[in-house]
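K.L.:
Chains as they are written, first to last, in UniProt numbering: chain A, 1 to 553; chain B, 1 to 553.
If you're looking for bench data, these hints aren't it; they were derived computationally from the structure.
Be a bit skeptical, because a hint or two may be false.
Pairs count within a copy or across copies, as identical chains cannot be separated in the list.
Listed next, the in silico DSS-like pairs over lysine-lysine satisfying Cα-Cα at most 25 Å (straight line) [what the hints assert, rightly or not]:
{"id": "1", "residue 1": "K100", "residue 2": "K542"}
{"id": "2", "residue 1": "K227", "residue 2": "K470"}
{"id": "3", "residue 1": "K100", "residue 2": "K496"}
{"id": "4", "residue 1": "K100", "residue 2": "K470"}
{"id": "5", "residue 1": "K170", "residue 2": "K75"}
{"id": "6", "residue 1": "K75", "residue 2": "K115"}
{"id": "7", "residue 1": "K474", "residue 2": "K496"}
{"id": "8", "residue 1": "K544", "residue 2": "K496"}
{"id": "9", "residue 1": "K300", "residue 2": "K288"}
{"id": "10", "residue 1": "K115", "residue 2": "K170"}
{"id": "11", "residue 1": "K247", "residue 2": "K267"}
{"id": "12", "residue 1": "K267", "residue 2": "K227"}
{"id": "13", "residue 1": "K482", "residue 2": "K313"}
{"id": "14", "residue 1": "K170", "residue 2": "K100"}
{"id": "15", "residue 1": "K428", "residue 2": "K260"}
{"id": "16", "residue 1": "K257", "residue 2": "K247"}
{"id": "17", "residue 1": "K470", "residue 2": "K333"}
{"id": "18", "residue 1": "K333", "residue 2": "K474"}
{"id": "19", "residue 1": "K115", "residue 2": "K403"}
{"id": "20", "residue 1": "K474", "residue 2": "K527"}
Keep in mind the model is a prediction, meaning the values are calculated, not measured.
Number of protein chains: 2
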Amino acid sequence: MRFFWASSVKAFCELPPCALRRTPLRASWEVRATSVHHYNYRSFSSQPQPDESIDMATPKEGKSNKLSFQLKTPKGTRDWIGVDMILREQIFSAITEVFKRHGGTQLDTPVFELKEILAGKYGEDSRLIYDLADQGGEDCALRYDLTVPLARWLAMNTSVQHLKRYHIAKVYRRDQPAVAKGRMREFYQCDFDIAGTYDAMIPDAEILRIVVEVFEALNMRDYITIKLNHRKILDGLFAACGVPEDKIRSISSAVDKLDKLPWDQVKLEMEEKGLESEVADKVGEYVKLSGGREIIDTIKADELLSANEHIQKGVADMELLFNYLEAYEISDKVSFDLSLARGLDYYTGLIYEVVTPLSTPEGFAQSQDKKKSKSKSDDPNVGVGSIAAGGRYDDLVNMFAKKRQIPCVGVSFGVDRIFTIMKQRQAKEAEEGNTTVRASEVDVFVMAFGGKGFNGLLTERMAVANQLWKAGIKTEFAPSVKPRLPQQFKLAENSKIPLAVILGEDELAAGKVKLKELGLPEGHPEKEGCLVSKDDLVEEIKKKLNKTALPLR
Amino acid sequence: MRFFWASSVKAFCELPPCALRRTPLRASWEVRATSVHHYNYRSFSSQPQPDESIDMATPKEGKSNKLSFQLKTPKGTRDWIGVDMILREQIFSAITEVFKRHGGTQLDTPVFELKEILAGKYGEDSRLIYDLADQGGEDCALRYDLTVPLARWLAMNTSVQHLKRYHIAKVYRRDQPAVAKGRMREFYQCDFDIAGTYDAMIPDAEILRIVVEVFEALNMRDYITIKLNHRKILDGLFAACGVPEDKIRSISSAVDKLDKLPWDQVKLEMEEKGLESEVADKVGEYVKLSGGREIIDTIKADELLSANEHIQKGVADMELLFNYLEAYEISDKVSFDLSLARGLDYYTGLIYEVVTPLSTPEGFAQSQDKKKSKSKSDDPNVGVGSIAAGGRYDDLVNMFAKKRQIPCVGVSFGVDRIFTIMKQRQAKEAEEGNTTVRASEVDVFVMAFGGKGFNGLLTERMAVANQLWKAGIKTEFAPSVKPRLPQQFKLAENSKIPLAVILGEDELAAGKVKLKELGLPEGHPEKEGCLVSKDDLVEEIKKKLNKTALPLR
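Isolated chain A (complex conformation):
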């Protein structure tokens, strides 16, 4: 399946006939497009717009104690439909294609897990887990990510030794929503993980190749950088600089903020966490290192670092990795960045994070609503943050099953953030007129006309639509007993349906219908359409659509 960049607008509603009659053709289409946009904007906002709460349910007769309530989706959630839904499906389909290309198989787990499964996996962020009310004995909670459910599955299914699995599904975090940046309480994750014992760094490199292919499929390859680091190198570095072992994880989380905060503030945090100033400075000197393969040489040439056993192991991994990244032609997309630490505790080896420049070529930052940027999390200058991230976690499955050791490496794509960026780009392309807008997937509109005493030919239109549905052709008709011909044309043109089948009483009596291409310019030889036998209709339509429609059986 090819991934189309032209933003195709799917009609999700039809204008009522009265609106069609009142407005000229072009204007009515534009009114409709505006209304799509309007509702999308509203449903994208986690806070209900004022007009959503006006038309509320009110107490009914006999139910006078029924309270009215705000009509909205829960905080940090949204509905998806129309152009947004189509864009999201395009993103999913592009990503799925890459996953399958690498032999991935799909896993779907329940949206909630036993609470114990999630406990102790997310550190401080455990407070963001959505608990379910007590359901009679079993304590359950909505999943926080897709990684822990995978680890639970691997722990349960002990016969599986190797697995390449993908999972695209919603996860839940009771966090402060930042809607403009695509951070919601209910949001999609898109994960690919490779589980099993393999030769070193081979699956790790394939995951990074998959990352690049996904962004290539999304036409974003040029705008991304994969920041890489290795937990063994990072932990060795801390140890070598004199960070006490019990402080390594907390100092690590301070270092992780270097992409958002200046060094002074990060150092302050380290000192507050009990680190001596000179140790912090030594760490600071190393973690500012970033670049390509040459960073490996810098580390090897450094006396302090190269003496550390953890670092030696990490460096050996990174050397292999860079060999493989070169074979995969993606070494230009990575940045070996010693300040990358990643928050989660369970990583044990390579870690990575995909970032895109704060100010994308599409002018993401500029187009954000400045009024909303009061809190730090809403600051548009921070951009959307990382758009994919992951790493190696060799011991997570072991947390569930003592005897089960199955190393894993994987990546999670932040599809809602990716969506936000692509929507910006789509809006820009639409402004520039670079998009082809297709209002509907429907290919044929069946209509009828007649003179005095015309009865609407409803069952005849139904029978023809039925004939086309049976041949797999996407077909609609005006859902009225006796629609006027201009109204039918407008319905078809509003949805930019390419073909019309027109029924007339005399033609039908002769076993014929008119097949007409819509939107042809004046003077085109086929402007008026042509009569075809009802028996040949499917064949003629398929020819016109220049594709083979699919039989139902």
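Since the structure of chain A is provided, determine the placement of chain B on it from the hints.
P.N.:
Frame of chain A, contents of chain B only:
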């Protein structure tokens, strides 16, 4: 996209090399297939199997107060992977294709809603709703179906006057699971609804046409019947027989049980609900009527019924409907059944339910596990119940928004029940050897061989895999530095991958690789494969696959 009935088995795990070495080729594939089956059986069961709880997490050093817990999915939920997942995706894809053919557009709503949204919509069954724990002010609950979220969306989006929407997603009911029949606490629904004011019965007939097309796409057309009734006729019938108005809904729910219980028991329930015996008998006389269009004439000829105004309206609707069903060539699939009542309160017009014979041709009932059939709900003789159902609900949106009147009609497919039936059929076909098992979607396996001093050509294999991925070709290779050639062949053959690209040092030096079709019989002229230039490799593979691989950009 055509819907393939041949059950294709997707490899979801790879055998570890040691297992491959120990077992002969065929046997190792079978071992694997068995293991797939085994785990599927386990994960399909809502009760954990004994071996799932053996290998549990145990207290770790320093966390000695951590309790161990059972490693399983929550009650009434399951994981999906492997053959089950593929079958489910095939069902979804067939259904989606039909929905799109009729101009449907997709809506996705949050998995939880404000509790007030769900309140008062499900009658007694409200107790089955999963509440979330208090999340700081907003009371939320997991959705119970997809209809109420649609009504909430329609109430919020007041500019939408007409909508054909579909929604395929999980819903939640804290019911007693009946696993063998596919009744779970988390399960998928697949809904298509038409909202808006149209001429009478036109959208209703299209929904029934969609129902037939879906079961046609699933090769089940011959095994289904759509039971039809009309709430206006049913309510008019009760009134005409003398059922007091405040008892109509409770008597209606008793009548709805006639497909499962004998008349005596239903009558007893009616009497317990306060109905006089002779009124009950009069009702009983009418509700046993079922058949085709002739039922309309029977009603019209009946003095008592034909005098009722509600019935007159309902009969007018049914006459139109049968005209339209004939145009759609599906009147043979419906049964006008006066005992059909449907549980939900919100239906206002046509109602329907798709049933399949208790004992399907695939021998569904017989193959069920008899040991489990202790409770009534587990009785295999009851079959899986209705596999799709729906109706017209003109006032539901109005419950959320006083000023908003938008009539709706829709259908919900019980995909988990459909899945259960189709899995039985698949198993039977596999027994009869009528299926083509394809172990993996991967098309090419890249391998290498060499003599003494052979280094495994890992980066060369990576580079070739990369070349193929870039051309959109699904490719894998052995994830080892130096795999032996027989091991590589076995990996490819286990997954029934059709093509191998074989790298040798000498050939590579000449810019060539060997392309070999796997599984050719002895003596076939191309059995040994042929040397092709690396530059032509993509082209040659595409020719062999007899399809156009898709470019990434």
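K.L.:
Each of the hints needs a verdict: does it hold here or not?
P.N.:
Status of the hints after comparison with the structure:
no. : hint        : in the structure
1   : K100 - K542 : between (30 Å within a copy, 17 Å between copies)
2   : K227 - K470 : between (52 Å within a copy, 23 Å between copies)
3   : K100 - K496 : between (33 Å within a copy, 15 Å between copies)
4   : K100 - K470 : between (31 Å within a copy, 13 Å between copies)
5   : K170 - K75  : both (15 Å within a copy, 20 Å between copies)
6   : K75 - K115  : both (23 Å within a copy, 13 Å between copies)
7   : K474 - K496 : within (13 Å within a copy, 36 Å between copies)
8   : K544 - K496 : within (15 Å within a copy, 39 Å between copies)
9   : K300 - K288 : within (16 Å within a copy, 88 Å between copies)
10  : K115 - K170 : both (18 Å within a copy, 20 Å between copies)
11  : K247 - K267 : within (14 Å within a copy, 74 Å between copies)
12  : K267 - K227 : within (22 Å within a copy, 72 Å between copies)
13  : K482 - K313 : between (79 Å within a copy, 21 Å between copies)
14  : K170 - K100 : both (20 Å within a copy, 24 Å between copies)
15  : K428 - K260 : neither (28 Å within a copy, 60 Å between copies)
16  : K257 - K247 : within (16 Å within a copy, 66 Å between copies)
17  : K470 - K333 : between (49 Å within a copy, 16 Å between copies)
18  : K333 - K474 : between (43 Å within a copy, 23 Å between copies)
19  : K115 - K403 : within (22 Å within a copy, 43 Å between copies)
20  : K474 - K527 : within (22 Å within a copy, 44 Å between copies)
Hint violations for this structure: number 15 only, all remaining hints satisfied.
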